[in-house]
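Use the sequences and the hints to build the structure in full.
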Amino acid sequence: MLLPGLWCSQSLQLGFLEIQKPRLCKILRILAFAYPYAWDTVPIICRLFSSSEEISGEAANPYHQKHTVIAILACFLYAAHLPERLAPGLFDYIGHSHQLFHVCVILATHLQMEAIFLDMTLRKDWLLATSILPSFSQTAGAICLCIIFSLLNIIYFSLALYQSPEPELSKKET
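Residue numbers 0 to 173, in numbering that gives the first Met the number 0, belong to the letters of the sequence shown in order.
Simulated from the structure, these hints should not be mistaken for lab results.
Derived CB-CB ranges, DEER-like:
# : residue 1 : residue 2 : range
1 : F148      : R84       : 35 to 43 Å
2 : Q64       : N152      : 30 to 38 Å
3 : I29       : I131      : 32 to 40 Å
Please read these numbers as outputs of a predicted model, since none were measured by experiment. Just so it is clear, CB atoms sit at the ideal spot from N, CA and C, and this is done for glycine as well.
Laid out in structure tokens, this is it:
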């Protein structure tokens, strides 16, 4: 949430960041996707490379592996602008790297959800025995904090949008 928030605030304060600093713009865009992916994936990678037989020998691991490979492919397609870089003009409407990125991300999300459902099904007894169930106040408190943070975020950026100066429209000379 921090990187997209920084991206929005810089765009509102500096005008069009892409035009002023295209390299910084690309780095911020890639970090906005890479940081949440790394945050979600580090526990899975630790689990996949774990030497413990009870953790690493589970049926969900192939789903986690496929998810990781497809997510890396999505990042590669997004950063490399393939295939339109190899054949400019041919992939303008169908097969553009941004479209392929979204297809890969959807497939990776599907595989991740399948792995989570399989994990929850296979490890239900172990999770219930070793985990402390959250109380109602803990879950409701987290939901309320998310709602409050989201509303504050919307209000902040809405006010910043309304306070930014309007661009002058250039008049056509006829």
